[in-house]
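Join the two chains into one complex using the hints; note that each chain is given alone, in its own frame.
Listed in order, the protein sequences are those of chains R and Z. Using my numbering, you'd call the opening residue of the first sequence number 1 and step up by one each time. Using my numbering, you'd call the opening residue of the second sequence number 1 and step up by one each time.
You can take every hint at face value.
Some chain R residues well away from chain Z (every beta-carbon gap over 10 Å; in silico): (1) R29; (2) D41; (3) L42; (4) H43; (5) D75; (6) P135.
Simulated restraints on C-beta separations: (7) R/Q111 to Z/G27: 53 to 61 Å; (8) R/E119 to Z/N380: 43 to 51 Å; (9) R/A45 to Z/R233: 21 to 29 Å.
Taking lysine to any residue and the SDA-like style, the derived pairs with C-alpha atoms no more than 25 Å apart in a straight line are: (10) Z/K267 to R/G23; (11) Z/K222 to Z/K234; (12) Z/K124 to Z/E149; (13) Z/K267 to R/E22; (14) Z/K311 to R/D12; (15) Z/K275 to R/T11.
Hints were generated in silico from the structure; no laboratory data involved. Yeah, the Cβ is synthetic: ideal placement off N, Cα and C, and Gly gets one too.
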Amino acid sequence: MEPFVLTLESTDSPFIFSLLQEGVTVRVRAGCSVKDILCNDLHIAPEYVEERIKTVFLNNRPVDDYENALVREGDRLALSAAMPGLVGATLRRGGVLSAFRSSITHLSEEQCESFAQGEVTIKLFNLLVREMAAPLLTHGIIVEGERLCRMASDLNIDTGEPLDALGPDHRVLIRL
Amino acid sequence: MDKILRINMGPDGAPSVKEEGLGDYAGLGGRGMTSSVIGKEVPADSHPLGAENKLVISPGLLSGTAAAMSGRISVGCKSPLTGTIKESNAGGQAAQVMARLGYAAIILEGKPKADTLYKLIINKDGVKLEEDNSLKLLNNYELVDKLKEAYGEKITCMTIGSAGERKLGSATIAVTDMEVRPTRHCGRGGTGAVMGAKGLKAIIFDDSGMKMRAPKDPEAFKAANKRFVEGLRKHPVTGEGLPAYGTNVLTNVLSEAGGYPTNNFSKGTFEGASKISGEAQAELETQRGGSATHGCHRGCIIRCSGTFNDKNGRFLTKQPEYETVWAHGGNCGIDDLDAIAMMDRLDDDYGLDTIEMGASVAVAMDAGIAKFGDAEAAINLVKEVGKGTELGRILGSGAAVTGRVFGVERIPVVKGQAMPAYDPRAVQGIGVTYATSTMGADHTAGYAVATNILKVGGDVDPLKPEGQVELSRNLQVATAAVDATGMCLFIAFAVLDQPDTFQALIDMLNAFYGLEMTADDVSELGKKILKEEREFNKRAGFTAEHDRLPRFFITEPVAPHNVTFQVSDKELDNLFNW
Numbered sequence: 001m002e003p004f005v006l007t008l009e010s011t012d013s014p015f016i017f018s019l020l021q022e023g024v025t026v027r028v029r030a031g032c033s034v035k036d037i038l039c040n041d042l043h044i045a046p047e048y049v050e051e052r053i054k055t056v057f058l059n060n061r062p063v064d065d066y067e068n069a070l071v072r073e074g075d076r077l078a079l080s081a082a083m084p085g086l087v088g089a090t091l092r093r094g095g096v097l098s099a100f101r102s103s104i105t106h107l108s109e110e111q112c113e114s115f116a117q118g119e120v121t122i123k124l125f126n127l128l129v130r131e132m133a134a135p136l137l138t139h140g141i142i143v144e145g146e147r148l149c150r151m152a153s154d155l156n157i158d159t160g161e162p163l164d165a166l167g168p169d170h171r172v173l174i175r176l
Numbered sequence: 001m002d003k004i005l006r007i008n009m010g011p012d013g014a015p016s017v018k019e020e021g022l023g024d025y026a027g028l029g030g031r032g033m034t035s036s037v038i039g040k041e042v043p044a045d046s047h048p049l050g051a052e053n054k055l056v057i058s059p060g061l062l063s064g065t066a067a068a069m070s071g072r073i074s075v076g077c078k079s080p081l082t083g084t085i086k087e088s089n090a091g092g093q094a095a096q097v098m099a100r101l102g103y104a105a106i107i108l109e110g111k112p113k114a115d116t117l118y119k120l121i122i123n124k125d126g127v128k129l130e131e132d133n134s135l136k137l138l139n140n141y142e143l144v145d146k147l148k149e150a151y152g153e154k155i156t157c158m159t160i161g162s163a164g165e166r167k168l169g170s171a172t173i174a175v176t177d178m179e180v181r182p183t184r185h186c187g188r189g190g191t192g193a194v195m196g197a198k199g200l201k202a203i204i205f206d207d208s209g210m211k212m213r214a215p216k217d218p219e220a221f222k223a224a225n226k227r228f229v230e231g232l233r234k235h236p237v238t239g240e241g242l243p244a245y246g247t248n249v250l251t252n253v254l255s256e257a258g259g260y261p262t263n264n265f266s267k268g269t270f271e272g273a274s275k276i277s278g279e280a281q282a283e284l285e286t287q288r289g290g291s292a293t294h295g296c297h298r299g300c301i302i303r304c305s306g307t308f309n310d311k312n313g314r315f316l317t318k319q320p321e322y323e324t325v326w327a328h329g330g331n332c333g334i335d336d337l338d339a340i341a342m343m344d345r346l347d348d349d350y351g352l353d354t355i356e357m358g359a360s361v362a363v364a365m366d367a368g369i370a371k372f373g374d375a376e377a378a379i380n381l382v383k384e385v386g387k388g389t390e391l392g393r394i395l396g397s398g399a400a401v402t403g404r405v406f407g408v409e410r411i412p413v414v415k416g417q418a419m420p421a422y423d424p425r426a427v428q429g430i431g432v433t434y435a436t437s438t439m440g441a442d443h444t445a446g447y448a449v450a451t452n453i454l455k456v457g458g459d460v461d462p463l464k465p466e467g468q469v470e471l472s473r474n475l476q477v478a479t480a481a482v483d484a485t486g487m488c489l490f491i492a493f494a495v496l497d498q499p500d501t502f503q504a505l506i507d508m509l510n511a512f513y514g515l516e517m518t519a520d521d522v523s524e525l526g527k528k529i530l531k532e533e534r535e536f537n538k539r540a541g542f543t544a545e546h547d548r549l550p551r552f553f554i555t556e557p558v559a560p561h562n563v564t565f566q567v568s569d570k571e572l573d574n575l576f577n578w
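Chain Z on its own, in the form it takes in the complex (with noise of 0.2 Å):
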């Protein structure tokens, strides 16, 4: 991983392709590789969508190791959706193959003059850009189907579906994942849209004849990757809850604590939780013949996925996560599992975020183009998207656009983007995470990862309801360390509850690049993406009005527990203060 693939879309005759050495991007991985060339390159009040703007794709800097749960790839641009710089991360297997093929970046540039779709393709004899107008207005499944023939079952894939063709703002990049079906995603922000304005349908990476990236320090990066794994498997969420039942586990605790948005964030619960839980959706798939345990790359521990077949014993999605069926389900107001498992189908084969177009869905019911609990209106509603049609253009450009066309007041978004689903007026926490987000609202933009371990910022006593605002900045924090990693996020719940699987980490690290960081290095690492991404957002424009949750949030009680977001501007504002 020495070396950077530059790609100019958008020279007269051919697009350029260079490989250059890391430069002043070296020791950089992930999310702190995307943050820092859209920082550095991309003038911040660039158009998304034009030339100016810049899709960085980036292997963690664990990824194409033997080390476990590294299989995270990020891709970074400034946002269609948003407007603000985006990292948005995908398992599957691009994050490994591109890693071992030796790139740690893949910088797309420019724009073509002509309207040609290219693909490329990378393996061990270097690179190639090619024409493919053939493949033109095709969804994942087909494409990835018809670039399996064309090269092999041993490629995995990065490419668009016609959501990203038509540079809509829910538009994903897809990547394949063990069985070669594009089922992961790089899913918020609209970076799909930003691949589709590059001309570029498809990236196939075959790293057949590529070695496993070889550490300095073998014997203590093994010694130090034993020790993490060993961590993850005795932990009862990484080793026990997330392999049983996924992340649609939280389905059930979400909707009992009252903070599981139903019917468009108007109420707290829902009466159909328990049908589409992660336990019925385990018993499901088992009946089926599918799997409730799965993982979505090589070298994943915790499996927390799944495979989901039809009523005939047919694939037909994976297992669908919790947001997914959260945003196709309760926030519609749907307690069929088979509608949201189709709904997922239909998202990953366009090509679309599947909370952004659940958000969507569920924006336009409200406004009274669909009743709530109508699962065959949702299905369509997606369906428009896939067709193209005006409708479906606006549902495809995201909730805030589809809320302003419908004119509704109930839009939940923070700077363009879609709340995840869990009400902040039951959390406010999460909350004060979706508001100040360098992403806009985003659950993964502050994890659980040990603050009272990485003591950023200082100890946080957890019973003091200001301490919200600290706990916030800290998780922002190591969060954006962990998205450099390349290090699945659900590594974060054996993190915080055992210190030696944090330190186990950092020794991998140390062994692998022959450094000595500690805990606090780590720290200052996601310190300073998160630095450098709030300088972007500053300069495209935002500030601290732009930090807030909808007015909604603060005027409308939702039940059972009749509460309101609480946390004032004020503190809001001290997020970013350390």
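So here's chain R without its partners, still in its complex pose (with noise of 0.2 Å):
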């Protein structure tokens, strides 16, 4: 079942915000590596991946060599700015305590030769959030019916006539 298409105009709504905290699906090409999902598939700056997407886990696995990370059909990327604390220095990619964690860290794979378009679900935290969220909803992003309208109830959000008419089954494409 093709997706219900939701058109927004702007990113700024905390009802995105916290969509795009719990974790939202987004086509992408599925095998490829998550440096080259965000910068090829949702056209994210190399500069901002570099500098400002600190700590990344990949099915709860915290990356440290994301050039030769797989995000696979199905997989949960999430990424965050640089955190503090002690444990949050030891979850940063690459960085000097990365020992700390060894036993969780995801290990690199070799490249697929293939790709397939595929979906994967895709979180975004804090400083992050924000400033991703217009990449994201251009690319688009596909929430299911049920919890967009939940979502919507929670925060007290409007979200117009066309959801009224969602069933349980039925997502939603939400793009800019």
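Given below as structure tokens:
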């Protein structure tokens, strides 16, 4: 079933920020590296990725080498700016304290030779939520209709008449 | 800061108060001062609540100066919670004010023979110690209001609530903030119980008429402070992340990493994390007319705190910190920010360590006293402590006591002190610090100070698992040194990444005191402090067998990574071999 399409005029909404923090589905080339997806699928500037996205998790595992960490269909990618605290610094990509969490670190893999369109979950935390909302919404994010309606209701936000018709199995493609 | 105020609460008749020079303690401040006094003057086998124990209060070496971020005050004693030496520090106004009044330390000793409560008033005209039994069993908010009525709005207070008077192992010493609210706490290790045992309810400082401490080389000091501030402002953690979201910015990240202890350390991710995250908290605070960016003392430029208003827009508490949100939140299965903020308020009011109290409630939930996720039951358990009921006294005595009383196997403590908000199975390096710290399980014992800048014990290969012991050692050394300066540990993030910011800190110390210290000297200071603390603990009966995590961390894998703590005892025993 093709997703219902919801077009926004702006990203500046607590509603969108909550969705991005909890995680949204995006369609990308599955099998590419984290860096490849961010830069080439989501069109985020490489300088921004290098300087700003300091903490990366792939399926709960902290990533050091994001050029060789492959994102596959169904994977979950979480992105954060540099974090405070001993453990915050420990989780940082390639940081001097990475030995502290070596038992859970994501290990790099061989590159795939072919890529196929697939869906992955992306979560954005802290400073990245506002900063990366625009590129993500320009690309388009997919959310389950039921979750969208529940969250709108929790936040007391009127999503407009079109969403009233959504069934529990519908999905919504949200984009700018 | 050239004198020590020594108060003996024990003599017949009335306590004795005397001022003395610094003597052997010259050049010390903060943790350097507190651990040195305890190490030299307190018998290691003394009872923590007895006359032989001492309570030492000391601002850092740079407190009371124009140095940014220099507002930490240290309190030291033999801990009634752990039986080890203890240094616990807090923000708030006390460090700056006490330093400007000229005191490098206040040492409380002896024990009053009668059941009398005292208050200590210190201002430019001198020191008064007065009986005041009208303060008995007042909690911190009402107590500070009463002190403001008596001494004016410009005071700074260090106080104990009812938990301190009841001498509970989780009792804190509250320090008032810029708004003269008792929101900052020397939280860990039961320092409030020692103050209660000394019969001292409140210290009231007023630095009206006192000047800021002057550096030996004002120009060099000013230049170094400017570089230091610029370094903090340009760093993404100290300049952006912490001001925007506070320390609770860690909730989402730790849960995603699988290192967020949930339901008394039974799993590593919390489904409700996004509801209690720093991002959600900042949004809620702003919506309700509070603030997500606020300093805890004058001279703070990171401003990682905030103001949490209730649903009606009235002040409830300061912005709960990450550790508090975890302890009363995810660790108890609770995803309600209002309930967590209420428990933070109650903890501050009764004078309780939020980490220890949250851990006690979670252990009680594991025992079936309440259900995980039941916010109302959790609030009621904290209120039991305020009422001083038998159940409340058990909970307020800490997680170790609570676990033993209720027959729980999973008790997340080291040397009797509850672990903070990071699961040592997922982040094994912090497990090394928890196990070997001189203070019991403590997340601030080994902080993120630049190990490869300090080069304590040589360079460390960050990719080798065996580097964890070396890293933890280096961090503990560096942290002890920072704790001596009075600097907030959050400067560590900028120092970690920016060597010039670290150099600016050393330059400030040199310019202020007319010294020529190097990074190596800073390391030596940290090592000296740790050695003194370690020696005290040895004399108190602590051995390598106490430098261990509870057995369940080795036998119970934690989801989602299904890992156990794997650092060997032999490696742990190597930590203090330098």
